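*Asks:* Sequence:
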Amino acid sequence: YLLDETALSYDIKEAIALLISKENGCKMCVDVHKGIAKMLGLSEERIEEILQGVDALNASDKEKALLNFCIRASKKDSYKILKEEIDALKDLGYSDVEIVEAVAITGYFNYINTLSNVFGLGQ
-9 YLLDETALSY DIKEAIALLI SKENGCKMCV DVHKGIAKML GLSEERIEEI LQGVDALNAS
51 DKEKALLNFC IRASKKDSYK ILKEEIDALK DLGYSDVEIV EAVAITGYFN YINTLSNVFG
111 LGQ
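Just so it is clear: in the sequence shown, position 37 is 27 by the numbering used here, and no numbers are missing.
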């Protein structure tokens, strides 16, 4: 799915994958997606920038807002996300499809990171 053409760019999808995997402490997932990001044309510098966190990222405010939202959505208290937070992303120009896609990628990586961490995959 990450390699398919969808509403979101490859760069932002890989940034979500890397950030969520790092947040969840999934070294294997970070390592795998560093390789995929390189394959998709992201430089080593860009990948390391992503892994330093959203604040360190040389990206538009729009992209940073989506990435921060994804990190927030990955937390146990994601049920507290307000409609206004989603509306703020729409106000920045994201479509419903792009927001759903970003949240789906976030949820997928929470799932994969948990499996990897619990069963020690890649260790």
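Simulated from the structure, these hints should not be mistaken for lab results.
Here the structure is a predicted model, which is why all the values come from computation and not from measurement.
Mixed in with the good hints there might be a few duds.
Said to hold, decoys possible - Each computed DMTMM-like pair below joins lysine to aspartate or glutamate, with the alpha-carbon atoms no more than 20 Å apart:
{"#": "1", "residue 1": "Lys12", "residue 2": "Glu(-5)"}
{"#": "2", "residue 1": "Lys12", "residue 2": "Glu35"}
{"#": "3", "residue 1": "Lys73", "residue 2": "Glu88"}
*Asks:* Which of the numbered hints are not met once you compare them with the structure shown?
*Replies:* Violated hint: only 1; rest satisfied.
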